[in-house]
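Protein chains: 2
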Amino acid sequence: MKLKSVDISKTASAATIVFDALRKAIIEGDLKEGEPLRQDEIARMFNTSRIPVREAISRLEEQGLVKTQRYKGAVVSGLSAQEAQEIFDLRAVLEPEVIRRAVPRMSKEALAQAKECLVAFSQSSDPMTWGDLNRDFHATLYREAGLQYHMDVIDNAMDRVDSYLRAQLVLSNGSERANDEHIAIWEACAAGDADLAAALTREHITGACDALLQTLNKLG
Amino acid sequence: MKLKSVDISKTASAATIVFDALRKAIIEGDLKEGEPLRQDEIARMFNTSRIPVREAISRLEEQGLVKTQRYKGAVVSGLSAQEAQEIFDLRAVLEPEVIRRAVPRMSKEALAQAKECLVAFSQSSDPMTWGDLNRDFHATLYREAGLQYHMDVIDNAMDRVDSYLRAQLVLSNGSERANDEHIAIWEACAAGDADLAAALTREHITGACDALLQTLNKLG
DNA sequence: TTATTGAATATTGGATCCAATATGGAATAT
DNA sequence: ATATTCCATATTGGATCCAATATTCAATAA
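Heads up: the sequence lines are chains P and A, in that order. When we follow UniProt numbering, the leftmost residue of the first sequence carries the number 1, and every step to the right adds one. When we follow UniProt numbering, the leftmost residue of the second sequence carries the number 1, and every step to the right adds one.
Since the hints were made in silico from the structure, they are not lab data. Here the structure is a predicted model, which is why all the values come from computation and not from measurement. It is possible that part of the hints are untrue.
Pairs count within a copy or across copies, as identical chains cannot be separated in the list.
What the hints assert, rightly or not - In silico lysine-lysine, DSS-like type, Cα no more than 27 Å apart, as pairs: (1) 10 with 108; (2) 10 with 218; (3) 67 with 24; (4) 32 with 72; (5) 32 with 115; (6) 67 with 218.
Based on the sequences and whatever the hints tell you, model everything.
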């Protein structure tokens, strides 16, 4: 017999499929802050019933990506300047620590994979691709630390601000500066300089924070 | 007309009530790692249907407190030594930073409230009360920093390890040492010494981590 | 003209039911 | 004795339906 087995207990439920799709739409800005999530509409879009949609929305709320009011429905979360500041503060504390721990254990494969992200980033002109590669680049390096809990927390924090950062890249023509900073981080990693990689990561994050806060303060 | 109004959109749904109760049971060790969460049974306990129970379990999974396998059900998450190490590492990075930021803004009210936690802690002999007061004490001080996102992350991290810490307090007769360390932290806050409060907080967390890892390694 | 009320519709939360899958044990085959 | 099959039951995921609440707009009152 020649077939590929599948562990059914690991297959994605309808709620998981809807959750992933909604999260991606929020992160990529296709669902904007304040936009209502109507259960019926989403159920029809995914050819499913409202029950898995409600579960998906409930999970998104747990991640802070939507806000729900009983009987009124859910809307995509916004991001105040204060919240943005806090999230970047947390990232500025955590991410340098993670990369500091990653550098001593950085494999050639991880460096090569991160380099590919840099190359793809400079060759692309699609803001969504920049956003994806930005996250891939950092995640590839951080993963070497083997700190899954930290990475989960960083991922959640990134989810909260990603749509704004992606918009920011476009508004500020910041992709070149971002990639320059990525290259510097990569070089510090390749050189095995954990302290430098940490310092550059912190500067990268606080720089992105300052740029984003300027934009948020202009708009709000 | 003399009556008290209530914002119905802010009332707790059945799912929220079940979520809070299950989370509390997990944290307090009444639901132990590996124990299955049967939807029907929980629905009967709370005199509700399976739909809000499923939402509650889904949210608990998002918080890492349970693990679900499709069609097989949910169980309370365990905690490996590695996960414990990571969670404490994250706390050891974040919490000193938060208290460092809290000390310059510490109000007399917060200090008084934290002091009450210390007094209640030393007067109690109930391990669950110790656990609650431990969290209250730290949260009262951290709150002064005004970093809600950080506090949410710390709360989630604490949720993951709380049942083990509470068990640890009992096994190791550690409540006296814990309160001594709390008193030292409180005094550093009262003296306005942010760096000392941060250092003591870090030591407090790494000490608790070492003690817990010793216990986990004995068991596993 | 403005405020209030009523009604229709939209939307949500939860109850109930059905289909799919997992589990466990008895019956059967080897 | 062990492996396999079958079947009944338990449990879960999702569909459908009902009750409760929110929203919007027309009708009415002031």
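Right, here's what the structure says about each hint:
1. 10 with 108: neither (31 Å within a copy, 52 Å between copies)
2. 10 with 218: neither (45 Å within a copy, 31 Å between copies)
3. 67 with 24: both (16 Å within a copy, 23 Å between copies)
4. 32 with 72: For residue 32 and residue 72, only the intra-copy Cα distance (18 Å) is at most 27 Å; the inter-copy one is 36 Å.
5. 32 with 115: Answer is neither: 32 Å inside a copy and 45 Å across each miss the 27 Å cutoff.
6. 67 with 218: Answer is within; shortest intra-copy Cα gap is 24 Å, inter-copy 43 Å.
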